[in-house]
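Chemist: Sequence:
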Amino acid sequence: MASQASSQLHFILFPFLIQGHIIPMIDIARLLAKQGAFVTIVTTPKNAARFQNVIERGIQSGLPIQVIEFRFPCQEVGLPEGCENWDMLPSITLVPKFFSAVEMLQLPLENLFREIQPKPSCLISDMLLPWTVSSAIEITKDQLPEILKKKSFGAPVLAAEMASYGVIVNSFEELEPAYVEEYKKARGGKVWCVGPVSFFNKEDIDKVERGTKRCLIKELIF
1 MASQASSQLH
11 FILFPFLIQG
21 HIIPMIDIAR
31 LLAKQGAFVT
41 IVTTPKNAAR
51 FQNVIERGIQ
61 SGLPIQVIEF
71 RFPCQEVGLP
81 EGCENWDMLP
91 SITLVPKFFS
101 AVEMLQLPLE
111 NLFREIQPKP
121 SCLISDMLLP
131 WTVSSAIEIT
141 KDQLPEILKK
151 KSFGAPVLAA
161 EMASYGVIVN
171 SFEELEPAYV
181 EEYKKARGGK
191 VWCVGPVSFF
201 NKEDIDKVER
211 GTKRCLIKEL
221 IF
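Residue 160 in this note's numbering is what sits at position 160 of the sequence shown, and the numbering runs on without skipping anything.
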């Protein structure tokens, strides 16, 4: 990476660890790389293994993409070892512990910001990772992050969305133009519909290798 031109855009993508969020983020990563940006995908070892073949094919075709894996702190929060994705949880009662483990990835992410080259131009994170907004702001001001206080989950998600520069939506304006228009008004126009990003997949093998079993929890289906 040291040989990359300093003027090259460098996007860091951090999807939430759930299959329906990882898949479109991988597609976005390849779309950005196709346009010449350097892309770093941040995830955990077991999640990285799920899309390894897709990324390797992209790299072999010349796409400037790399994957950085963070150890998932299962033991620290009382999760069974290896539960690195929502669909790996053996019980819905473990969901709070899963979110606690995800929050513990904040420090590794901030350390990555300081060390990685070329320096990041932009962080594209999941709406279910609201703490990434404060991390990005703290790092750009060269300050240490404030201690994350436990609050209701919905409030920090909304606050993070409003504090971010804009929103990328995996949809297209023609599908629901009225809603897109109102959303743009609420966000000062900084809303970009770039989907469906799954259309980036041209090869059958890329369409097939898109994760594992469904991650919906049966107890939550009404």
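None of these hints come from the bench; they were simulated from the model.
All residues carry an ideal CB built from backbone N, CA and C; glycine is no exception.
Take these hints with a grain of salt, some might be off.
What the hints assert, rightly or not - Pair by pair, the computed Cβ-Cβ distance ranges are:
hint: 1; residue 1: Tyr-165; residue 2: Phe-199; range: 20 to 28 Å
hint: 2; residue 1: Gln-60; residue 2: Ser-100; range: 34 to 42 Å
hint: 3; residue 1: Ala-186; residue 2: Gln-60; range: 38 to 46 Å
hint: 4; residue 1: Ser-100; residue 2: Glu-174; range: 18 to 26 Å
hint: 5; residue 1: Glu-203; residue 2: Thr-93; range: 39 to 47 Å
hint: 6; residue 1: Val-169; residue 2: Glu-56; range: 27 to 35 Å
hint: 7; residue 1: Cys-122; residue 2: Pro-96; range: 37 to 45 Å
Chemist: It remains to establish, for every hint, whether it holds in the given structure.
Modeler: Evaluation of the provided hints:
no.	hint	in the structure
1	Tyr-165 to Phe-199: 20 to 28 Å	holds (25 Å)
2	Gln-60 to Ser-100: 34 to 42 Å	holds (38 Å)
3	Ala-186 to Gln-60: 38 to 46 Å	holds (42 Å)
4	Ser-100 to Glu-174: 18 to 26 Å	violated (40 Å)
5	Glu-203 to Thr-93: 39 to 47 Å	holds (40 Å)
6	Val-169 to Glu-56: 27 to 35 Å	holds (28 Å)
7	Cys-122 to Pro-96: 37 to 45 Å	violated (31 Å)
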